[in-house]
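Chains as they are written, first to last, in numbering that gives the first Met the number 0: chain H, 0 to 379; chain D, 0 to 296; chain U, 0 to 260.
Check before you lean on any hint, since a few could be wrong.
[As the list claims (entries may be wrong)] Calculated cross-link-like contacts (lysine to aspartate or glutamate; reagent style DMTMM-like; alpha-carbon spacing at most 20 Å): (1) H:Lys152 with H:Asp65; (2) H:Lys337 with H:Asp347; (3) D:Lys202 with H:Asp127; (4) U:Lys90 with D:Glu7; (5) H:Lys102 with D:Asp187; (6) D:Lys197 with H:Asp68; (7) H:Lys152 with D:Asp187; (8) U:Lys251 with D:Glu100; (9) D:Lys197 with H:Glu93; (10) D:Lys9 with U:Glu161.
Honestly, the hints are just simulated from the structure, not real lab data.
One-letter residues, chain by chain:
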Amino acid sequence: MGEIRLENVSKSFGDFQAVNNVSLTIKDGELFSFLGPSGCGKTTILRMIAGFEVPSSGRIFIENQDITDIPPYKRQVNTIFQNYSLFPHMTIFENVAFGLRIKKIAEKEIQNQVFEMLRLVQMFDHKDKYPNQISGGQKQRIAIARALINKPKVLLLDEPVAALDLKLRQRMIIELMNIHDLVGITFIYVTHDQGEAMSVSDRMAIINKGQIVQTGLPDDIYERPNSIFSAYFIGDTNLIPGEVIGIEDDFIEVQTELEQDGERLVLDSSCHAKVDKGAKITLSLRPEKIAISRQKPDVKSDFNIIKGKIEDILYLGTHTQYIVRVGEYRFRVFNQHKRVYFDDMALDWEESVYLFWHDIDSYVIQEQDMSLNGGLNNSE
Amino acid sequence: MNNEQKHEKKKNIYSWILSLPAMSWLIFFFLIPYIIIFIYSFYQADIYDIKAILTLDAYKNVFSPEYFRSFFISFRLALITTFLCFLLGYPAAYLIARSSEKIKNTLLVLIIIPFWTNFIIRIFSWRIFLSPEGILNNALIYFNLIDTPLMLIRNDFAVILVMVYVYLPYMILPLYSNIEKMDFTLLDAAMDLGASPKKTFFKITLPLSKDGILAGSILVFIPALGAYIIPQLVGSQDSLYIGQIITYKIKNIPRNWPLASALSLMLLILISALMVLFYTLHIKFKERMIVKDEDEK
Amino acid sequence: MKNKNANIFTVTTFTFVIIFLYIPILLLIVYSFNDSKIISSWRGFTFKYYYLLLKNREIINAFKNTMIIGVLSTIASTVLGVLSALALENKRFFGTKFFKGLVFVPLIMPDILMGVSLALLFSFLKIRMGMFTVLIAHITFCVSYTIIVIQSRLEGFDYHLEEAAMDLGANKTQIFFKIKLPLMMPGIIAAALLAFTLSIDDFVITFFTSGRGFNTLPVYVEGAIRRGTITTINALSTLMIGLTLMFATITKRIRKYLIAV
Numbered sequence: 000m001g002e003i004r005l006e007n008v009s010k011s012f013g014d015f016q017a018v019n020n021v022s023l024t025i026k027d028g029e030l031f032s033f034l035g036p037s038g039c040g041k042t043t044i045l046r047m048i049a050g051f052e053v054p055s056s057g058r059i060f061i062e063n064q065d066i067t068d069i070p071p072y073k074r075q076v077n078t079i080f081q082n083y084s085l086f087p088h089m090t091i092f093e094n095v096a097f098g099l100r101i102k103k104i105a106e107k108e109i110q111n112q113v114f115e116m117l118r119l120v121q122m123f124d125h126k127d128k129y130p131n132q133i134s135g136g137q138k139q140r141i142a143i144a145r146a147l148i149n150k151p152k153v154l155l156l157d158e159p160v161a162a163l164d165l166k167l168r169q170r171m172i173i174e175l176m177n178i179h180d181l182v183g184i185t186f187i188y189v190t191h192d193q194g195e196a197m198s199v200s201d202r203m204a205i206i207n208k209g210q211i212v213q214t215g216l217p218d219d220i221y222e223r224p225n226s227i228f229s230a231y232f233i234g235d236t237n238l239i240p241g242e243v244i245g246i247e248d249d250f251i252e253v254q255t256e257l258e259q260d261g262e263r264l265v266l267d268s269s270c271h272a273k274v275d276k277g278a279k280i281t282l283s284l285r286p287e288k289i290a291i292s293r294q295k296p297d298v299k300s301d302f303n304i305i306k307g308k309i310e311d312i313l314y315l316g317t318h319t320q321y322i323v324r325v326g327e328y329r330f331r332v333f334n335q336h337k338r339v340y341f342d343d344m345a346l347d348w349e350e351s352v353y354l355f356w357h358d359i360d361s362y363v364i365q366e367q368d369m370s371l372n373g374g375l376n377n378s379e
Numbered sequence: 000m001n002n003e004q005k006h007e008k009k010k011n012i013y014s015w016i017l018s019l020p021a022m023s024w025l026i027f028f029f030l031i032p033y034i035i036i037f038i039y040s041f042y043q044a045d046i047y048d049i050k051a052i053l054t055l056d057a058y059k060n061v062f063s064p065e066y067f068r069s070f071f072i073s074f075r076l077a078l079i080t081t082f083l084c085f086l087l088g089y090p091a092a093y094l095i096a097r098s099s100e101k102i103k104n105t106l107l108v109l110i111i112i113p114f115w116t117n118f119i120i121r122i123f124s125w126r127i128f129l130s131p132e133g134i135l136n137n138a139l140i141y142f143n144l145i146d147t148p149l150m151l152i153r154n155d156f157a158v159i160l161v162m163v164y165v166y167l168p169y170m171i172l173p174l175y176s177n178i179e180k181m182d183f184t185l186l187d188a189a190m191d192l193g194a195s196p197k198k199t200f201f202k203i204t205l206p207l208s209k210d211g212i213l214a215g216s217i218l219v220f221i222p223a224l225g226a227y228i229i230p231q232l233v234g235s236q237d238s239l240y241i242g243q244i245i246t247y248k249i250k251n252i253p254r255n256w257p258l259a260s261a262l263s264l265m266l267l268i269l270i271s272a273l274m275v276l277f278y279t280l281h282i283k284f285k286e287r288m289i290v291k292d293e294d295e296k
Numbered sequence: 000m001k002n003k004n005a006n007i008f009t010v011t012t013f014t015f016v017i018i019f020l021y022i023p024i025l026l027l028i029v030y031s032f033n034d035s036k037i038i039s040s041w042r043g044f045t046f047k048y049y050y051l052l053l054k055n056r057e058i059i060n061a062f063k064n065t066m067i068i069g070v071l072s073t074i075a076s077t078v079l080g081v082l083s084a085l086a087l088e089n090k091r092f093f094g095t096k097f098f099k100g101l102v103f104v105p106l107i108m109p110d111i112l113m114g115v116s117l118a119l120l121f122s123f124l125k126i127r128m129g130m131f132t133v134l135i136a137h138i139t140f141c142v143s144y145t146i147i148v149i150q151s152r153l154e155g156f157d158y159h160l161e162e163a164a165m166d167l168g169a170n171k172t173q174i175f176f177k178i179k180l181p182l183m184m185p186g187i188i189a190a191a192l193l194a195f196t197l198s199i200d201d202f203v204i205t206f207f208t209s210g211r212g213f214n215t216l217p218v219y220v221e222g223a224i225r226r227g228t229i230t231t232i233n234a235l236s237t238l239m240i241g242l243t244l245m246f247a248t249i250t251k252r253i254r255k256y257l258i259a260v
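Given the sequences, and given the hints that come with them, work out the whole structure.
Structure representation (structure tokens):
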């Protein structure tokens, strides 16, 4: 039904290449997200699907129909705008009825459908109010009602919760997911907030500088990033560059720049890709996968153990974040506060500690970027 | 009175003193003259001045068909002028409002420069352009489009043309200022919901610019009501507008200051009524556009 | 999506508007160099009328008067504007609403009403009409504009700056002259330029308050048009247009300079 296909879509504004040769298929009924930093081109892609921008090259298909040249008011696509764009001079009822009025549907039928839609989003009592009389969260629900009443094949959401505060944001995301389940059409969601994208999506694509960096299920991308950008953009991670010095089945030995007792550390890691000896790679190690303790842990050989000194402690309620210095590098470690973890006595600044993790918890990225030194390259 | 209140009072007195110069000036030279007009309207006319005799002659005259007609055509002129300024001015203002920053400034300057050249001179240049021996007629004859010169001057056509010419910037600027502040994503939203560009214009753009249209209309309509020099220089002398009549009665011999005063008062009342109307509409329009800034209700 | 149709329509209308606004002016300039008494026939390029202009004492006199009135009324109305804007900062002093209304109303009134009212006032007070009455009239209609301009600039004023100065030990007078006034300058200059422009351009109000002897340029030009002695008017008009453009460019330069500062 609402399958969307982008074929080699590019868009440039003058000299600036906003979208560069993007090809993608979004399945019918999916909740698909585009995630990326500001200016990466994700909004431009969305606008091209909506029809507000025309691709410089490439074609766009909905259900195999080429819609590239069709203007926005003739596409069966509707958009939820970032600031909702409710018409200030019309009542809530009129806003929601707008699309139906354009189609010249009979008055009685319009009323029926609008009432039903308002009840669906629980805004029926506000039908005679004006947009400036309702709150942000309510505005968003009306924006959704106004769009869905037209029974589009695809719903586009442009940073829909960006204008709301944290608690409300969390609620609205859940509401959006519920509506998606209820209505069943394809949703395309654009955001720069990776937490949002991961929680909401069936599948997602990471966009950087106009190109798709990685597409997949959220946990795929999180656990198995295909590039330094993906690893670094989603969540926090420790990036450890190194050279492959040994390969054995699905595991490799990596010689790193980390120094311990005068020697260069060698770490073990699982590796499902095909690498050659001598290859320059980067290990991505999520902070929550690292355990921290005062005493040397008594664990099997499939754990990597290193020593370091605590440089910073951030108490965050659910967990504590430690910055641990290992030679020239700083590791970020998340330690969740659960009694089951041994050695839960509060650690202090300047303490020497052991960091350890299972060798299947690190992921091999076949890329190296020496400018991201320190193993700590989480953006602010 | 506690310390804070004393301080407040001091500030208030201080401000009041600062306002005194301008306030007294305006009271003396703006308000009081209208009281004098009021008083004069009840005196008897004399060739040069007024006779110190109280009479209602002026008012008897004012309510005669002749002057009523003059008010009527002045009102009509203002209406037509405002409407034509709107037709020409709206697209122009819209274009400027939707242009990029750089172009915006250039376009605005282009509109404003003629505005800065002398008023009389601009009217004069139209006279030259439109007169039977003028450039337009000469060109038309030269290209064999007409045989005898067209009577383009000394009539209502010329008056309306020059009125629109002079008052156009007064319509464009407030319109521009209003449209510029519009949330253009609303237009995207309308198109997204199926409205063609034409429908979007009539259902969204135009209604949202109501306040701007109102502002532009006030700035054109009210001054246009009192038009004097334009009809004087390019209009026919057969039907006189109210501005012309008032001026004749003040300046030309035989004078009739009471009548002029009475007519001025009538004009003033008419304008006041219009201002009240405009203000009420303005308040109504502004209400809808205020955006609340809350996230939780 | 750009509305292609709307663009063609608005661009054409705009172009038409520009042509409409500029044609008479351009023609005037061209014909000021025309060596012919009859406007329509071109007889050769000449500066003749410009020479005649400069020799015409009446015109020079009218120009002088226009400038004097312009400068004086600008100074007076700007000063009044500054004082009033400062008064209106305090939103709640006695008579605020009245004052605001009083300032706003003259902006919309037709010139003719103001002209008539002042003419009758002066007659009532038995003041002879001439430069003095014209000056008073000009100040009266300029002051509303200067107040509005300066006051709206003052609206965005950051009062923390005053607080910072107080914190650093400055007294009220020092704060005013060292902080407030300099920051108000762009607004003051804008107001002054506006007042000057309005003053030198005014016809109707000056017409009613100048009596027989005193001429400003607009009044002179109107009289000349009425009398039919229009040969030098083209040249005069061109010069005035040139003056205005020069003025406009200077204004722009000053504003750019002030914004940079």
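Structure-based check of all given hints:
1. H:Lys152 with H:Asp65: holds, 14 Å
2. H:Lys337 with H:Asp347: holds, 18 Å
3. D:Lys202 with H:Asp127: Status holds; Cα separation ~19 Å.
4. U:Lys90 with D:Glu7: holds, 12 Å
5. H:Lys102 with D:Asp187: The hint holds at about 17 Å.
6. D:Lys197 with H:Asp68: Since the Cα atoms of D:Lys197 and H:Asp68 sit roughly 19 Å apart, the hinted pair holds (cutoff 20 Å).
7. H:Lys152 with D:Asp187: holds, 18 Å
8. U:Lys251 with D:Glu100: The hint holds at about 16 Å.
9. D:Lys197 with H:Glu93: Status holds; Cα separation ~19 Å.
10. D:Lys9 with U:Glu161: holds, 18 Å
Violated hints for the displayed structure: none, as all numbered hints are satisfied.
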